[in-house]
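First to last, the protein sequences are chains A and B. Using this note's numbering, read the first sequence as starting at 186 and increasing by one per residue. Using this note's numbering, read the second sequence as starting at 158 and increasing by one per residue.
It is possible that some hints are incorrect.
[What the hints assert, rightly or not] Computed list of lysine-lysine pairs in DSS-like fashion (alpha-carbon distance at most 27 angstroms, straight line):
1. B:Lys523 to A:Lys189
2. B:Lys504 to A:Lys189
3. B:Lys351 to A:Lys255
4. B:Lys523 to A:Lys259
5. B:Lys312 to A:Lys259
6. B:Lys541 to B:Lys528
7. B:Lys214 to A:Lys255
8. B:Lys528 to A:Lys301
9. B:Lys523 to B:Lys482
10. A:Lys259 to B:Lys504
11. B:Lys336 to A:Lys267
12. A:Lys279 to B:Lys195
13. B:Lys523 to B:Lys513
14. B:Lys336 to A:Lys223
15. B:Lys185 to A:Lys210
16. B:Lys336 to A:Lys279
17. A:Lys279 to B:Lys541
Don't read these hints as lab results, they were simulated from the structure.
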Amino acid sequence: MTEKLLTCVECPRGCQITVTLDDGKVVSVVGNFCPRGKVYAENECVNPKRVVTSTMNSDIGVLVPVRTDKPVLKANIFDVMKKINATTCKTPIKLGDVIIANIDGDANLIASKTVK
Amino acid sequence: MKNYDLVVVGGGPAGMAAAVAAFDAGVKNILIIERDTKLGGVLNQCVHNGFGLTRFKENLAGPEYAEKFSDEVEKRDIDVMLSTMVLEVGADKTVTAMNSEYGVFTLKPMAIILAMGCRERSKGALNIAGARSAGIYSAGTAQRYVNIEGYLPGKNVVILGSGDIGLIMARRMTLEGAKVHAVCEIMPFSSGLKRNIVQCLDDFGIPLYLNHTIVDIQGKERVTGVTIAEVNPVDKKPIKGTEIHFDCDTVLFSVGLIPENELTKNAGIPMSPRTKGAIVNQYRETDVEGIFACGNVLHVHDLVDFASEEAEIAGRSAYEYISGKLNKEKTVNLINGANIGYVLPQKITVPSGDVKVFFRVTNVFKNVTFKVKDGDEVVISKKKLTVAPGEMETIVLKSDLLSANKSGNITIELEAQND
Numbered sequence: 186m187t188e189k190l191l192t193c194v195e196c197p198r199g200c201q202i203t204v205t206l207d208d209g210k211v212v213s214v215v216g217n218f219c220p221r222g223k224v225y226a227e228n229e230c231v232n233p234k235r236v237v238t239s240t241m242n243s244d245i246g247v248l249v250p251v252r253t254d255k256p257v258l259k260a261n262i263f264d265v266m267k268k269i270n271a272t273t274c275k276t277p278i279k280l281g282d283v284i285i286a287n288i289d290g291d292a293n294l295i296a297s298k299t300v301k
Numbered sequence: 158m159k160n161y162d163l164v165v166v167g168g169g170p171a172g173m174a175a176a177v178a179a180f181d182a183g184v185k186n187i188l189i190i191e192r193d194t195k196l197g198g199v200l201n202q203c204v205h206n207g208f209g210l211t212r213f214k215e216n217l218a219g220p221e222y223a224e225k226f227s228d229e230v231e232k233r234d235i236d237v238m239l240s241t242m243v244l245e246v247g248a249d250k251t252v253t254a255m256n257s258e259y260g261v262f263t264l265k266p267m268a269i270i271l272a273m274g275c276r277e278r279s280k281g282a283l284n285i286a287g288a289r290s291a292g293i294y295s296a297g298t299a300q301r302y303v304n305i306e307g308y309l310p311g312k313n314v315v316i317l318g319s320g321d322i323g324l325i326m327a328r329r330m331t332l333e334g335a336k337v338h339a340v341c342e343i344m345p346f347s348s349g350l351k352r353n354i355v356q357c358l359d360d361f362g363i364p365l366y367l368n369h370t371i372v373d374i375q376g377k378e379r380v381t382g383v384t385i386a387e388v389n390p391v392d393k394k395p396i397k398g399t400e401i402h403f404d405c406d407t408v409l410f411s412v413g414l415i416p417e418n419e420l421t422k423n424a425g426i427p428m429s430p431r432t433k434g435a436i437v438n439q440y441r442e443t444d445v446e447g448i449f450a451c452g453n454v455l456h457v458h459d460l461v462d463f464a465s466e467e468a469e470i471a472g473r474s475a476y477e478y479i480s481g482k483l484n485k486e487k488t489v490n491l492i493n494g495a496n497i498g499y500v501l502p503q504k505i506t507v508p509s510g511d512v513k514v515f516f517r518v519t520n521v522f523k524n525v526t527f528k529v530k531d532g533d534e535v536v537i538s539k540k541k542l543t544v545a546p547g548e549m550e551t552i553v554l555k556s557d558l559l560s561a562n563k564s565g566n567i568t569i570e571l572e573a574q575n576d
C-alpha cells in the first residue's frame, strides 16, 4: 500500500487529497470536499488530465479564446496546442461553438467567446 | 444628455453585476461608463478557466464569464458608454467624464457605484536593482500581449512573484513555446492558489524558488539575464553566496494588485489603509451617502464570483438608497484583531439582516481558532485547519447578534496553536 498526496485543481478551494494505492490501484480517496475531487484524484494517479485553454487566430485577425470542453490527457497538451496554433477559425463564432471536434479523444475544442 | 438615477463607473465584472442587480431591484435609469472599447474588463484577457464555479457551478474561461454578464446587461434597458473616461467623481454625487462624442460632460445621478477594479503593482514600486532594459513586463501586460494582441513577449522568462497572474502566465507562455526558467517569491509561501502551483508550475516542471528575490537584471537594450538570491526570512535581505543566474530575455512581475482609487480619493471618500479601498458599511456604501463601491476597487478578491456577489449587494443597496429605504440607526465598527490583515465591511449599520464578513489573515497558520468578540466577550468561535493570506475567509454575523451588540465594536481575531 502506498499513499499519494495531491492538491485538487478542479476549483480554487484546492483540497489536499490523500489517495491510497494498492499495486497501482486506487483503494481510497480522503480529503476531497466534493465528488469532482474524487474523480480528479483517481485520474491523477492513473492518467492525469487537464482542460487546455488558449487563443486561436481568426479570419478577421482577432484572437478567439478557446478551450477544450473536457480535460485531455496531460501528455497530449502540447499536441493539442499544435493543432490550435495550426488552425485559423472562421467568424462569426458563438460562445460554445465547436471549433475542432475530437481534438483529443472525445474532447472538443470550443470557443469561449462570441466573436461577430 | 439624459438624466441618470445611477451611474456605474467601470464595466468589468463588478460594474456589470452591480448595474444588473440595481436594475432588477427597481432602478430604471442606469448608465455604465467604461474606458475600454468593450465590457468585461480584465476577464477578456483571462482566457484560462476556473471562473464561475461558485456562481454557475461551471468551470468557465474568463471571456465566457464576462459574456454571461454582458448578455444580462444587453437584455435590460441599461445604457452603456464605451471608450469613455471618468475624470472626476464629486462628493456631491457628480460624475465628470469625457469621450469623443460628447467631449467633457458632467452627470448628476442620485447614486454612484464605483467599480474601477484594480491594477498591478509595477516594478517601480519594488526598487529592484539592475538594468532598465526592454523585456520587463508586469504579468498582466504580458497576458494582454499574448491573449489579446497575439504577441509572445519573450522566449526565455523569469517571473518575480508567485501571484496567480504570474503562475497563469508561466503556463501560458510555456504552452506558446517559451521556456520559463524560474518563479521566485520573496515570501516563504506562494501568494497564489495551491491549484495554480500544481497546474501551472508542477505540470510543466517550472521551479518555484521560495524566499528568493531578483538582485540584478542584466542587459543594455534587451534583458539578457537575471540573478536571483535567497533572502533572510526575517529582514528579507539577500544572502551573499546564494545567487543563481539565469540567461533570459524577459522578466515578468507578478507582485500584487492595488485597487485603482484615484477617483475615490479625489472625491474625499475616506479610505482604509488596509484594503487600499474605501471604508464601507455592509451595503458597500462609502462614508459619502449614495456613493457605493464594489469589486476589486474595494478590496482585491480571490475569485470573480465573489466580486460579482459583492457588486450585487452594492447594486441592490443603491436602489434602497435611491428609494429612501436604507435605515441606519446605530453603527457597529468591525475591527481586525490579532493576526487579521483586514475586515470588510469595516462598519455595519443596525438594524441589519445577517451580514457576511470577509477577512484576510496576515500569515500562514495551522490549527487556528477564529474568535468574534463584542468588546471582550467571545460571541463566535470557529476552528480551521489551515489558513493563508492568499485565501479570503468569511464569517456570517447573525442579525440578532448584531442588534444585541453592546460595545459598539466587533473584533475578529485569530488564535494560532503552537505546534
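- Message: Would the hint linking A:Lys259 and B:Lys504 be met if the CA-CA limit is 27 angstroms?
- Response: violated, 48 angstroms
- Message: Run the distance test for B:Lys523 versus B:Lys513: straight-line Cα separation, threshold 27 angstroms.
- Response: holds, 23 angstroms
- Verify the proposed pairing of B:Lys336 with A:Lys223, using a straight-line Cα cut of 27 angstroms. violated, 33 angstroms
- Item | Given pair status - A:Lys255, B:Lys351, alpha carbons within 27 angstroms | Judged against 27 angstroms, a Cα distance of about 22 angstroms means the pair holds.
- Message: Can you confirm whether the C-alpha distance between A:Lys279 and B:Lys195 stays at or below 27 angstroms?
- Response: holds, 17 angstroms
- Query: CA of B:Lys528 to CA of A:Lys301, is that 27 angstroms or under?
  - Reply: Distance ~53 angstroms between B:Lys528 and A:Lys301 Cα, so the pair is violated.
- Task: Given the hint that B:Lys214 pairs with A:Lys255, test it: the Cα-Cα distance must not exceed 27 angstroms.
- Result: Holds, because 15 angstroms separates the two Cα atoms, which is no more than 27 angstroms.
- Hint consistency between B:Lys336 and A:Lys267 [alpha-carbon to alpha-carbon, up to 27 angstroms]: Satisfied, since the Cα-Cα distance of roughly 16 angstroms is no more than 27 angstroms.
- Holds or violated: B:Lys523 to B:Lys482, with C-alpha atoms at most 27 angstroms apart: Roughly 43 angstroms between the alpha carbons, so the hint for B:Lys523 and B:Lys482 is violated.
- Is the straight-line distance between the alpha-carbon of B:Lys185 and that of A:Lys210 27 angstroms or less? violated, 60 angstroms
- Straight-line Cα separation of A:Lys279 and B:Lys541 no greater than 27 angstroms? violated, 44 angstroms
- Query: Quick one, are B:Lys523 and A:Lys259 close enough, alpha carbons at most 27 angstroms?
  - Reply: violated, 32 angstroms
Checked against the numbered hints listed earlier, the structure breaks hints 2, 4, 8, 9, 10, 14, 15, 16 and 17; every other hint is satisfied.
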